[in-house]
Amino acid sequence: MKIYNDLPQIEPSTPLLDSLGDLSLIKNFSTEELIKLSDEIREFLLYSTNISGGHFGAGLGVVELTVALHYVFNTPEDKIVWDVGHQAYPHKILTGRKEKMLSMRQKDGLHPFPSRDESNFDAFGVGHSSTSIGAALGMSVANPENRHISVIGDGAITAGMAYEAMAHAGSIDKDLLVILNDNNMSISNNTGGIANYLAKIWSSKWYIQVRESGKSVLRMIPSAKRFAKQTETSIKGFLSPGALFEELGFHYIGPMDGHNLKDLVRTLKNINNLSGPIFLHLVTKKGKGFIPAEKDPITFHALSNSKPPSNENKGPKYQEVFGEWLCEKAESGDDDLVAITPAMSEGSGMTEFAERFPDQFYDVAIAEQHSMTFAAGLACEGKKPILAIYSTFLQRAYDQLIHDVAIQNLDVLLAIDRAGFVGEDGATHAGMFDLTYLRCVPNLTIMAPSNENECWQMLNFGYSHKGPVAIRYPRGNAPGENINKVGDEIELGKANVLRRKDSSGIAILSFGSLFNISKEVASELDTTLIDMRFVKPLDKELLIELSETHKLFVTVEENVIAGGAGSGVNEFINANNLNISVLNFGISDEFPVVGSPDDQKEASKLTKKELLAKINKKLESL
Numbered sequence: 016m017k018i019y020n021d022l023p024q025i026e027p028s029t030p031l032l033d034s035l036g037d038l039s040l041i042k043n044f045s046t047e048e049l050i051k052l053s054d055e056i057r058e059f060l061l062y063s064t065n066i067s068g069g070h071f072g073a074g075l076g077v078v079e080l081t082v083a084l085h086y087v088f089n090t091p092e093d094k095i096v097w098d099v100g101h102q103a104y105p106h107k108i109l110t111g112r113k114e115k116m117l118s119m120r121q122k123d124g125l126h127p128f129p130s131r132d133e134s135n136f137d138a139f140g141v142g143h144s145s146t147s148i149g150a151a152l153g154m155s156v157a158n159p160e161n162r163h164i165s166v167i168g169d170g171a172i173t174a175g176m177a178y179e180a181m182a183h184a185g186s187i188d189k190d191l192l193v194i195l196n197d198n199n200m201s202i203s204n205n206t207g208g209i210a211n212y213l214a215k216i217w218s219s220k221w222y223i224q225v226r227e228s229g230k231s232v233l234r235m236i237p238s239a240k241r242f243a244k245q246t247e248t249s250i251k252g253f254l255s256p257g258a259l260f261e262e263l264g265f266h267y268i269g270p271m272d273g274h275n276l277k278d279l280v281r282t283l284k285n286i287n288n289l290s291g292p293i294f295l296h297l298v299t300k301k302g303k304g305f306i307p308a309e310k311d312p313i314t315f316h317a318l319s320n321s322k323p324p325s326n327e328n329k330g331p332k333y334q335e336v337f338g339e340w341l342c343e344k345a346e347s348g349d350d351d352l353v354a355i356t357p358a359m360s361e362g363s364g365m366t367e368f369a370e371r372f373p374d375q376f377y378d379v380a381i382a383e384q385h386s387m388t389f390a391a392g393l394a395c396e397g398k399k400p401i402l403a404i405y406s407t408f409l410q411r412a413y414d415q416l417i418h419d420v421a422i423q424n425l426d427v428l429l430a431i432d433r434a435g436f437v438g439e440d441g442a443t444h445a446g447m448f449d450l451t452y453l454r455c456v457p458n459l460t461i462m463a464p465s466n467e468n469e470c471w472q473m474l475n476f477g478y479s480h481k482g483p484v485a486i487r488y489p490r491g492n493a494p495g496e497n498i499n500k501v502g503d504e505i506e507l508g509k510a511n512v513l514r515r516k517d518s519s520g521i522a523i524l525s526f527g528s529l530f531n532i533s534k535e536v537a538s539e540l541d542t543t544l545i546d547m548r549f550v551k552p553l554d555k556e557l558l559i560e561l562s563e564t565h566k567l568f569v570t571v572e573e574n575v576i577a578g579g580a581g582s583g584v585n586e587f588i589n590a591n592n593l594n595i596s597v598l599n600f601g602i603s604d605e606f607p608v609v610g611s612p613d614d615q616k617e618a619s620k621l622t623k624k625e626l627l628a629k630i631n632k633k634l635e636s637l
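Numbering (this note's numbering), first residue to last: 16 to 637.
It is worth saying that the hints were derived from the structure and are not from the lab.
One or more hints might be untrue.
With a straight-line cut-off of 30 angstroms between C-alpha atoms, the simulated DSSO-like cross-links for lysine-lysine are [unchecked claim]:
1. Lys-122 - Lys-42
2. Lys-509 - Lys-620
3. Lys-300 - Lys-17
4. Lys-399 - Lys-300
If you're wondering where the values come from, they're calculated on a predicted model, not measured in any experiment.
Work the whole structure out from these sequences, hints included.
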């Protein structure tokens, strides 16, 4: 294996990779050629990701596994389901998409995750974690003639739905191969020669024949059967962590070195001759082959596009504002404050807090449902839990929000990150639905800041408010407003009137992150401009007052139009028989394209030009 200290600046030569116009030709490669092919893929991955940006370390850790899977199995007829998809870049390179890798995460470019619309080698579209086992099991039931493989990481396998799927797989005894890509050594440290040797034995025909023959003989002797099973489990449990998976109905193999291509091929060939649910445990190194990523896998989890971003706001990131507020609140001596994250401490700006206040911080891993109920339990005993969670992942905890938090009206503060367009990660990560699914929940107060100062004040309000509060803010930089940490207290349900122009007949009601566009439109048309602040409850008194002096409300939000903040305004107007027209702007009824947030806003017609054109057209009909 080639080792790299620097990212390649010149496109590397990949003769073996280029010779695979038909991927089936890989089966003619020798072991030495497979190793060289792996080197080519790793080097090209380093080169392309440096240019395009994207998830980095996980892909480097599965290069050998990717090559071995496509070498042993008959893809795409045999289906590989990549959990989350962070590790799928080598798979994309190997399956005919090498030349498009430089377009990754760009408009009209390559999708950042596996996508069924992109390639028949992508068996299942992903982006969220822990879906691969259930999906592969469903495929196996529907199409038992082919092999179905789930590749899941040690983080994703901690989620409950992964174990639900494994329990189901074991109960129906369908052919299914689950490969655990353990790159954090979170399950076991049993690696090395003995482990690899045992993996080879436990995947061999000889071992399976002995095991199954023994079972058939002992089936008539219950006590002996129990003893044999207990003995086997005890021995394997002593040497490996496989007892849990065996109890779920899987034949456990491993742990073994996930970078030893020769052993991987041999083991996968043995497995291909087996039936029933099989669990292969591989230990890999995140960032393998690139020394900086091996030493610092968190920093090199993903790379940013090497091109400088355009039109970037000058303020701090909203995540940084939240992290600073969290530390200052804890510094005040409030021991009841507890911060929670489902495996997003770095992304949510909680790293410093976790280091300084470890007794008040809980990373519950990829367990969004648990994180919400855990917060509810804390609140029941008088703590003040703050759950930092991405909007797209909050969807997974919706039942718990309703059942465990809202019904009991508990003091839980939701810091909802990545709300709205998130750009290059595409539809799976877009936070475009939260206002819709949150607005209908009783007892829940919902807020959306237009800048970093408002975000700070809303966090203060939400923390002191009785009952659940949700504050949603976008990914990236705030506009650059000064933060007043000691004043500007926010009153429940009260909007901020920034300019009043009754003569215009138009009132622009801006909800959160699209405020700058709203401000530009209001300036162009010389209209009333309202920073609504609260999505729920609305400033009802203000809306009634404005309806008496204006003829058109224009609502602007970075959420789907259906059921969003604008819909709340519409409902209020209808319920109160207000004589005013409404024009709603928000994310269109389609999933966003892959590209920058600006690309996504343009696709949803959320630009100054589009807003002006539609407002003027609406005025013509009034």
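Results for each hint:
1. Lys-122 - Lys-42: Roughly 35 angstroms separates the two Cα atoms, so the pair is violated.
2. Lys-509 - Lys-620: 29 angstroms, holds
3. Lys-300 - Lys-17: 14 angstroms, holds
4. Lys-399 - Lys-300: With Cα atoms ~38 angstroms apart, Lys-399 and Lys-300 exceed 30 angstroms; violated.
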